[in-house]
Amino acid sequence: MSATLILAYGLGLAQGLLVLAMALAAWRALRGPRAQDRVLGLDTVYLNGMLTIMVHGLRTGDGLSFEAAFVIALLGFAATLALAKFLMHGEVIQ
Amino acid sequence: MTGADVPLWVACLVVALALGGAGFSLVGAIGLIRLRTFYERVHAPTLGATLGMALIVAASVVYFSAAEGRPVLRDLLIGLFLTVTTPVTLILLGRAATYRDRTEGNADAPPDP
Chain A
43 MSATLILAYG LGLAQGLLVL AMALAAWRAL RGPRAQDRVL GLDTVYLNGM
93 LTIMVHGLRT GDGLSFEAAF VIALLGFAAT LALAKFLMHG EVIQ
Chain B
58 MTGADVPLWV ACLVVALALG GAGFSLVGAI GLIRLRTFYE RVHAPTLGAT
108 LGMALIVAAS VVYFSAAEGR PVLRDLLIGL FLTVTTPVTL ILLGRAATYR
158 DRTEGNADAP PDP
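Note that the protein sequences, when read in sequence, are chains A and B. Residue numbers for the first sequence follow this note's numbering, so the first one is 43 and each next one is one higher. Residue numbers for the second sequence follow this note's numbering, so the first one is 58 and each next one is one higher.
Keep in mind that the hints were calculated from the coordinates and are not lab data. All residues carry an ideal CB built from backbone N, CA and C; glycine is no exception. Hints are supplied without guarantee of correctness; some may be wrong.
[Said to hold, decoys possible] Covered stretches of chain A, as calculated for chain B (at least 3 residues, CB under 8 angstroms):
{"hint": "1", "region": "62-74"}
{"hint": "2", "region": "79-85"}
{"hint": "3", "region": "94-108"}
{"hint": "4", "region": "112-121"}
The following block holds chain B by itself, in its conformation from the complex (with noise of 0.2 angstroms):
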């Protein structure tokens, strides 16, 4: 433990921030086991990888700002990569899905176009 050299309003706003966080994965994966069918739930764990993600990095390169003394912005870098790659990942994952509920000829696929 050495959170000690920390503001007691860095603190506040460290925990604030995580918990945020935190709680809006909380929430995504429990709309990962609480939705019906796969094409309502690939949208829940978003929440954790957008807005989760943000408010931890925020949380994160607060603590280490405010300990060391000086900018620490490399936490931005796992923003900046998960931004871009899940989107990616979402979309390929989809599309792999349509594809084998299409050639199984579910009901729930989405419509050709």
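For reference, chain A alone in the conformation it holds in the complex (with noise of 0.2 angstroms):
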């Protein structure tokens, strides 16, 4: 039983610093000066949140939230490949 307490509250606490890494990158990204502050922080949410996705699943103790965690890094590695190709050229794909 002293596992499952340490196992609940020690990545309760992982996950509550990672919902506040979160919290700060999308600071930078509604304020951040420019357009690539703003992708740069959208990338950390991403990235956080696939963090915290994973840490869920440490928790919960299921396997399904990997595939949750990794459909989150591909998207987050294609929306922020497009968005520094149109920050370059102004289009996408050329």
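Since each chain sits alone in its own frame, please combine them into the complex, following the hints.
Pasting the structure below:
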């Protein structure tokens, strides 16, 4: 029972830290003086959200969170790549 | 909550790894807030993308291997994917920022080689 308690409180604290990191990154994405700062903040929000879902999968003990985390990592990569190309050329596909 | 079937030392190891990874991600996000120019800020979140991600992936591998009684290595896929994609996105973003700063003639743009 003690292992259950340690897992519940410790992983809950880890999720709290990750959500705080997401909030800071979202503040940079909302405030960031230029567009590239906003894209960087959005990329960090994606990354920390993916880590939060992985820790949630650890807390609940089900393996299905792996797929959700992987899809979020994939979408974050595609979104940041498309936004960076848009900042450079003004269009995504040329 | 189905975490009752792992021994105590596995629980302590998993929590230590997850807390370490979350702490590194938080330090990266604080750097994203506190650093001054974009070219300093672009380095901060990679702390969470490399070390924080690696520690949380290690926690997941340890936990599921102990809970299911066999090696569960699928989470290493996320680690491999992020290790490959993070430099690509950050190089492209840095190039876009450099291009924008140079065309606008900003003072903090890196000098033209």
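Results for each hint:
1. Remark: the region 62-74 of chain A is confirmed as covered by chain B, as 7 of its residues place a Cβ nearer than 8 angstroms to a Cβ of that chain, reaching the required three.
2. Coverage of a stretch by a chain is defined here by at least three residues with a beta carbon nearer than 8 angstroms to that chain's beta carbons; for the region 79-85 of chain A and chain B the count is 5, and the condition holds.
3. Counting residues of the region 94-108 of chain A whose CB lies closer than 8 angstroms to any CB of chain B gives 10, which reaches the minimum of 3, so the coverage claim holds.
4. Counting residues of the region 112-121 of chain A whose CB lies closer than 8 angstroms to any CB of chain B gives 4, which reaches the minimum of 3, so the coverage claim holds.
Going down the numbered hints, you'll see the structure goes against none, and every one checks out.
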